[in-house]
Each structure stands twice: as structure tokens, then as C-alpha cells.
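Chemist: Residues per chain are reported as follows:
Protein chains: 2
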Amino acid sequence: MNRVQPKTLSGFMELLPNEQVLFNQMIDKIRSSYEKFGFLPIDTPVIESSEVLLAKAGGETEKQLYSFTKGDSNLTLRFDLTVPLAKYVAEYYNQITFPFRRYQIGKVYRGERAQRGRFREFYQCDIDIIGDEKLNIINDAEIPAVMYETFKNLGLENFTIHINNRKILNGLFEAVDEKEKSVEIMRTIDKIDKIGKDIVVAIFKDDYNMKEESINKIVEFIEITGTTDEKLEKLCNLGIENELYKKGVEELKEVIKYIRLFNIPEEAFEIDLSIARGLDYYTGTVYETFLNDYKSIGSICSGGRYNDLAGYYTEKQLPGVGMSIGLTRLFFILNDIGLIKSDKKSISDVLIISMVEDLSKSIEVANILRNSGINAEIYFDDKKIKAKFKYADKLNVPYVIVIGEDEIKSGKLTLKNMQEGTQEQLEIEKIIDKLK
Amino acid sequence: MNRVQPKTLSGFMELLPNEQVLFNQMIDKIRSSYEKFGFLPIDTPVIESSEVLLAKAGGETEKQLYSFTKGDSNLTLRFDLTVPLAKYVAEYYNQITFPFRRYQIGKVYRGERAQRGRFREFYQCDIDIIGDEKLNIINDAEIPAVMYETFKNLGLENFTIHINNRKILNGLFEAVDEKEKSVEIMRTIDKIDKIGKDIVVAIFKDDYNMKEESINKIVEFIEITGTTDEKLEKLCNLGIENELYKKGVEELKEVIKYIRLFNIPEEAFEIDLSIARGLDYYTGTVYETFLNDYKSIGSICSGGRYNDLAGYYTEKQLPGVGMSIGLTRLFFILNDIGLIKSDKKSISDVLIISMVEDLSKSIEVANILRNSGINAEIYFDDKKIKAKFKYADKLNVPYVIVIGEDEIKSGKLTLKNMQEGTQEQLEIEKIIDKLK
Numbered sequence: 001m002n003r004v005q006p007k008t009l010s011g012f013m014e015l016l017p018n019e020q021v022l023f024n025q026m027i028d029k030i031r032s033s034y035e036k037f038g039f040l041p042i043d044t045p046v047i048e049s050s051e052v053l054l055a056k057a058g059g060e061t062e063k064q065l066y067s068f069t070k071g072d073s074n075l076t077l078r079f080d081l082t083v084p085l086a087k088y089v090a091e092y093y094n095q096i097t098f099p100f101r102r103y104q105i106g107k108v109y110r111g112e113r114a115q116r117g118r119f120r121e122f123y124q125c126d127i128d129i130i131g132d133e134k135l136n137i138i139n140d141a142e143i144p145a146v147m148y149e150t151f152k153n154l155g156l157e158n159f160t161i162h163i164n165n166r167k168i169l170n171g172l173f174e175a176v177d178e179k180e181k182s183v184e185i186m187r188t189i190d191k192i193d194k195i196g197k198d199i200v201v202a203i204f205k206d207d208y209n210m211k212e213e214s215i216n217k218i219v220e221f222i223e224i225t226g227t228t229d230e231k232l233e234k235l236c237n238l239g240i241e242n243e244l245y246k247k248g249v250e251e252l253k254e255v256i257k258y259i260r261l262f263n264i265p266e267e268a269f270e271i272d273l274s275i276a277r278g279l280d281y282y283t284g285t286v287y288e289t290f291l292n293d294y295k296s297i298g299s300i301c302s303g304g305r306y307n308d309l310a311g312y313y314t315e316k317q318l319p320g321v322g323m324s325i326g327l328t329r330l331f332f333i334l335n336d337i338g339l340i341k342s343d344k345k346s347i348s349d350v351l352i353i354s355m356v357e358d359l360s361k362s363i364e365v366a367n368i369l370r371n372s373g374i375n376a377e378i379y380f381d382d383k384k385i386k387a388k389f390k391y392a393d394k395l396n397v398p399y400v401i402v403i404g405e406d407e408i409k410s411g412k413l414t415l416k417n418m419q420e421g422t423q424e425q426l427e428i429e430k431i432i433d434k435l436k
Numbered sequence: 001m002n003r004v005q006p007k008t009l010s011g012f013m014e015l016l017p018n019e020q021v022l023f024n025q026m027i028d029k030i031r032s033s034y035e036k037f038g039f040l041p042i043d044t045p046v047i048e049s050s051e052v053l054l055a056k057a058g059g060e061t062e063k064q065l066y067s068f069t070k071g072d073s074n075l076t077l078r079f080d081l082t083v084p085l086a087k088y089v090a091e092y093y094n095q096i097t098f099p100f101r102r103y104q105i106g107k108v109y110r111g112e113r114a115q116r117g118r119f120r121e122f123y124q125c126d127i128d129i130i131g132d133e134k135l136n137i138i139n140d141a142e143i144p145a146v147m148y149e150t151f152k153n154l155g156l157e158n159f160t161i162h163i164n165n166r167k168i169l170n171g172l173f174e175a176v177d178e179k180e181k182s183v184e185i186m187r188t189i190d191k192i193d194k195i196g197k198d199i200v201v202a203i204f205k206d207d208y209n210m211k212e213e214s215i216n217k218i219v220e221f222i223e224i225t226g227t228t229d230e231k232l233e234k235l236c237n238l239g240i241e242n243e244l245y246k247k248g249v250e251e252l253k254e255v256i257k258y259i260r261l262f263n264i265p266e267e268a269f270e271i272d273l274s275i276a277r278g279l280d281y282y283t284g285t286v287y288e289t290f291l292n293d294y295k296s297i298g299s300i301c302s303g304g305r306y307n308d309l310a311g312y313y314t315e316k317q318l319p320g321v322g323m324s325i326g327l328t329r330l331f332f333i334l335n336d337i338g339l340i341k342s343d344k345k346s347i348s349d350v351l352i353i354s355m356v357e358d359l360s361k362s363i364e365v366a367n368i369l370r371n372s373g374i375n376a377e378i379y380f381d382d383k384k385i386k387a388k389f390k391y392a393d394k395l396n397v398p399y400v401i402v403i404g405e406d407e408i409k410s411g412k413l414t415l416k417n418m419q420e421g422t423q424e425q426l427e428i429e430k431i432i433d434k435l436k
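Line by line, the protein sequences give chains A and B.
Here our numbering is used: position 122 in the first sequence is 122, and no number is missing along the way.
Here our numbering is used: position 297 in the second sequence is 297, and no number is missing along the way.
FYI, nobody ran anything at the bench for these hints, they're computed from the structure.
Treat the hints with care, as some may be off.
Note that the list lumps identical chains together, so a pair holds whenever it fits in one copy or between two copies.
As the list claims (entries may be wrong) - With a straight-line Cα cutoff of 25 Å, these simulated BS3-like cross-link-like pairs (lysine-lysine) come out:
no.: 1; residue 1: Lys29; residue 2: Lys344
no.: 2; residue 1: Lys191; residue 2: Lys134
no.: 3; residue 1: Lys388; residue 2: Lys416
no.: 4; residue 1: Lys29; residue 2: Lys345
no.: 5; residue 1: Lys194; residue 2: Lys345
no.: 6; residue 1: Lys390; residue 2: Lys316
no.: 7; residue 1: Lys134; residue 2: Lys211
no.: 8; residue 1: Lys253; residue 2: Lys390
no.: 9; residue 1: Lys361; residue 2: Lys341
no.: 10; residue 1: Lys70; residue 2: Lys56
no.: 11; residue 1: Lys436; residue 2: Lys29
no.: 12; residue 1: Lys29; residue 2: Lys316
no.: 13; residue 1: Lys416; residue 2: Lys29
no.: 14; residue 1: Lys344; residue 2: Lys436
no.: 15; residue 1: Lys194; residue 2: Lys388
no.: 16; residue 1: Lys7; residue 2: Lys56
no.: 17; residue 1: Lys152; residue 2: Lys361
no.: 18; residue 1: Lys345; residue 2: Lys56
no.: 19; residue 1: Lys152; residue 2: Lys436
no.: 20; residue 1: Lys345; residue 2: Lys217
no.: 21; residue 1: Lys257; residue 2: Lys383
no.: 22; residue 1: Lys29; residue 2: Lys194
Here chain A stands alone, though its shape is the one from the complex (with noise of 0.2 Å):
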């Protein structure tokens, strides 16, 4: 027979069972924080016509599309899950309840370079808050608080979530009357930890010719530290006549306000003024998550508010605020530096070992186990001891029940600790105990 080569393309994170009950898990976690937050389910289609998945696509993003004809259609894999929650909430405006919690866990392609650690098929985890026509301060604090709860339910400790607003940016680029060069000072400042403080002023100065004035206020503004009240007493005190910068100091005070009544501790959140997410979509508040330890990985979880969610589709003012977690990237990275957090490395709660030819008991233990809420697995294969308990290794099952002439004759079973390589004999309704 011609055989073809089993392989998986380059670039698509394929994990063996061990690894994917940990990425499960990861997802089954962020899945419950949201909902625990009352956000909605919705699953769109993967596949949508490139007319609609592109009405809003810059340059950049279509190299990586994968794009294709089928019959006289056009289509699309979608490349994030904003453009169609921005199409689901345009087509079902009139059957959609607002405000419009949804989240969103799904598979998303990038034809990306393939590289260690980026990958062309990977799962986005997202949620939005989406108004008709406005949508309260408050929601901009509900994000990072559910940012919070998920990771510290994916168990994670060490991480900040850094918050800003883009008004503030916007208001000083037009207080200093800078506005066109926005972009590229905020790309000058991005570098301040890298090149120093000294190149960037020479940049500003000789690069884009700026005046000394705009100069010293970018510098005064980059340079505010202290304490998240500190900062804001910058900022108000900054002498900044702008009314987008103001609207923005007040939006930020307010965000932290609620940040702290939804308890989210002080370590946990700072003001970074020195964060933007791009320049055309955000319009308020912005998040970046870092994980203190291994900042030079990025952020880990981003999003912010934006003003307009579908303005490509309809005419309909959508303002939302929303933040996206990928998954694939932040798997691969945590399984690298080993703090992937697991409450159970297996699916199976526990395995049944025959010493016996005869399966009844065993399979009669199995259904008790079973109608208790237990996962159980029997091992049906007729092979030596030795083989039996190496598949249990394997499958990191926490216990092994046996069951031999003995265990069916006194109705007490051996119940093995796989971690611990202890074991006991135990009654079927002490085991159902132990192991819930």
C-alpha cells in the first residue's frame, strides 16, 4: 500500500492527551470566570464571506488571511473573534438584550511566519461589553476584574494589570500640538526602558523637530511614578489645559475607584501611562496584563474601550470594552516555564485493575463508581500485572482499585495511592468517600 506520511502542518499546536487535559482545564477555568461574571455565550462560525470578515481589514492583515473560493463564494477563516462579535451584534441588533456581555472561547488563523511559540491556528478567549449607544465608566472596571478572577483561577500569581486611557495620550499629543506625530512619539516612548531617556529627548528634538516646551511636557508626563494616587495627582496637577485630557484623568479616577470596589488588591493593578494598544480602535481606557516575573513574554491578556464596535456594518453606535486572552501563545509559554497550575493531571479519577479473567466485578464496580459522579476506567486488556500498572503510570491516574479472588471474596477492595504507592482495603462506599 502507498503510505502518505502522518503530519501535522507547522505551526498548529497538536498536544498529546496529558497535555491536553492541562489545556482544558486552562480553558474550562477562563470559561468559568467569565461566566461567574454573568458574560454570555455566543460560537461563530470559523468559515465567513471575505466581503464581511474583511469591511473592516487593514493591509497588514491580509497577507496572513486564509482566504479561498468555494463555488462563486469567497471566503475567510476569521483572524480574531471582534470582527464577527462586531457582525453578530450588527445582524441580531434588534433579537440582543443590551448591554451585551458576551464572551467568546474559539479557534482563530493567522498565516503568521511559523516560529517557536507563534502559531497560525489558536484559540482566542474573549469578552466584550457592549452598549446601545453608551455604556457606563463601570464596565471599563468589571474587565480587569474578571481579569483578576481568571487568572488567579488558572492559578497565577505574580501578574499586574496595567491600565491607562487613551484620552489622556490623545489630550496631551493635542495640548503640546503634536497630534500628527502621535504615532510615532508613542513608538519613541515605547523605547524609553531600552534606549534611555536622553536618546528619546534627542529623537523628539532632532528627529521631529519638536519644540523644547512639548518636549519637557511629554518627558514630565512619561517620568510621573508613585503609588496608582500619586499618578493620578500627577496627572491632574500637570498643568495640561485640554478637555480630552482631563475627560480622560476624570475616566481613569473612576476606573480605579471601581477597580477597588470590586476588590481587586492594590498589587494587582497599576497606572502605566506609557501603554496606547495601537492608535485607531481604542478611544478610552487600556489594558495590558504582564506577568512580573517574565515581562519580556508581553502582555498576556490586552483589550480596552472603544467607541464604535460596528461601524462597518451599521450605523448603529456600538460603544464597548472588552479585553482577549490567547490562549494557544499563553499555554505554550506557561508549559515552558512550568507554572502551568493543574487541580488533576488525568481524566480518569481512578482505574480498575483485574487479577481476575472474569471483567463482572470489575465492570460492576465501574457502574457504582460511575452513577457516584466518579470517572472511572477499567482495564480491560488481558496482560501481565506489571503492563496493567504501567498504563495507570502512564495515564496519571491518582488511584488504582484491584480487584482479585481475595477483594471479590471479603467485598473489601485494594485501593492504591499511585503518588503516595500506598495502598488499603477498603468498601466500595469508603472509596466513593476518599475519592469525591
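Assemble the complex: chain A is given as a structure, and chain B must be docked to it using the hints.
Modeler: Just chain B now, with coordinates in the frame of chain A:
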């Protein structure tokens, strides 16, 4: 602005949130049923190399494929979860523990002609048990045990798992020397309910030129009726001297024996000698599952035993047994006939509505509820009370907590049961007990 009409492709199911909640509950129940038997999750890519995915595909399938090129690569979207499983097992053979019990729940793609109840993107929920060279017959009985558990879990009552064995059919056709015509004979038998016995016999005689003796044997076979044990006895006493046939009857007996040990009640399964499930893939036990009150919708869960999972990829002999639920179609049908059973119609267990402007108390209450594992949502918008309750209604939320000045003073919150329309004043601890 030039607007694009937001439109989902036809043949792609996209649900409103309240229905998505029910759909997701079905997935959860299927998954937990599969996990109760210790099946391990895998998650293969939606996109595979065409060469790999089509190593085995026939002409009929190819027309329906979503195939395209990206750069130098010919790519195809998966059209089932069986070929990806074969690839997976062949690719990771050395890292997998056999017997390999895997489940996969995911979307597959078939460009079928769009019609009501047919979908181009749909979820399959598969389980398979793959052996290395051999696989114990008990596994053929555990698959129906999982089916039974799953459908009970989904709240379906009146269903029957139909069981047959392909060796019996193949052996019978060998015995009457009509092996080459087996496809046509099976197809004709399939129609017996519609066209009647006499026409079937006429077709055998006139169209297929079959010997009278052969026809009599086949008629005798398909007319076997009675209880499961009567059927087994009649199969033994049919006087068919063929090894394959005898092996098939023996296997069927074994499977029935174990099915009973797995506590599947007699009314939930039956021997059905008319099911064959195609003729090139399955080699032993085959299953179909019918809703007894809705037989016309066809089998809602099918599968069987095969000798060789991955012959196109590997020289390893990998026998297996499995089954698949086409969830998208099943959901569509059950929703249509009103058979979706749901424990919970909303994500939020409770919606908190504030009668005062200051939301501090509402947030405080939400924090406590969420920390107690309750899904709690706060209504943030400053609207009239009527609009707030309308929102609660649309969410299908079972309870609303109302927080006004009285509640803040007394410390007792108003808990409203939305279904019953009743309300009471309770302390937060009492509310937690009630909601849990």
C-alpha cells in the same frame, strides 16, 4: 461610510445567546459522559495538509471538501474527526498509551447543499478506543454503555441502541455465495419496511438472479424476530455453516453479555440485523441509535468496530471501535421538537439591580456571591426599574437581588424569584444557601 451587510453564510448555525447556553450545556453533558468512562481529550487542527487528510478519501467526499492553497501548501478543512484521529495515532504512535481511549469534540466542514437541518459546519462528538494489534471485545460493549450514559445525561428517555455485527452479514452472504452482490442486497433489505417482503424477493430473483435457496436463507435471516436472547438463539440455529458468520454471532453474544453487565436496560438496546453502516470500513459490531418517537430523523449516534484505523499512514495494525454524535444536527432537531432538557436557562444565577445611584453595595454583594461560586451580574445602567427587570426577563435569570435604601439600612436584601414572581428579604448568607 460604505457599509457591508452583516450576514452569516447559509448552512452555518449561529445561535442567539439563550440558545447557545442550551447548546453548550449539551456539549458539557456529552463531554462529562465521555470523561466518566475515562476517555482522553485530543484537539487536532481544523486545517490539515490535503495530502494527509485525503490519503483515504473517496470521490463522493471530495466534492464536498473545503480545499484551498496557501503559499505552496494544499490545505483542506477536516470533514470528520476519524481521519485526524488516524493521523494522530500514526504520528504519535510511540508516545501514545494503548489501548488509546480518546474523545474529540469539534467542528468539521462539508460543503453540502444547504437545506433545512443540514449544516456545512457542524460539531462532531466522537469517542474511539484504539488497540495496538488487538482490542478486547468488551470494548464493543462499553461504547453502547457510553452512548446510554450520554443520552440519559442529555435528558432523552425513549431511545434504542440498535446493534449488529458485520461478520454475520458478510458470513451470510459468503454462505449463500452472493458475496459480490452484498452491497446491493443490503440496500434492498434496507428498503423492506417501505416496499414489503414480496418485492424484495422479486428483486433478488429477477434483478439479481439469485438462487431460490439463497433467497430463502436471506429471507429467513431478515425475518428473525423476538427478544434479544431469542434472536441470538435463532441466529445460532439458522444452519449457516460459515466461519465468519459463526464468529460474528459469537461476538454479538459476547457484546450482549457485557452490555447487560454495564447495566444498560433491555429496553434501551436491541439486535437489529438490518443495519450495516456502509460496507468498506466497519468489520464487526455496528451501532445506530434511534429516538423511538422520531425514527424518521434517522440514527442520532452511530459507530462500530474496524480492523484497521490508519492503514493509509502506518503499517501498524490498529483495530478500534467508536461512535460519533453529530451534535449540530441533533441540537437543531431536538430544539425543533422541543426535546432540549436544560438544568439552567441562563449563565447568571442572579442579577443584582440597584435602586440607588451609588453602586458600592451592589458591587460588594456581587463580590461576595462570586467568591461563593455563584454567577452574579450587576445591572450597571441608570435606567428605570421597568427596563432593569425587562433585562432580567430577557436573560432568563432565575433570581434578582434588589438593593435600595431600605436594603442598605437593614442589611437584608430583597431576593425575587423571577419564575414564581415571589420575593423575600434575606441576609446575604441565606441568599447564598438558596442560590447554591
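Chemist: If any of the earlier hints don't hold here, list their numbers in rising order.
Modeler: Failing hints, ascending: 2, 5, 7, 8, 9, 12, 13, 15, 18, 20, 22.
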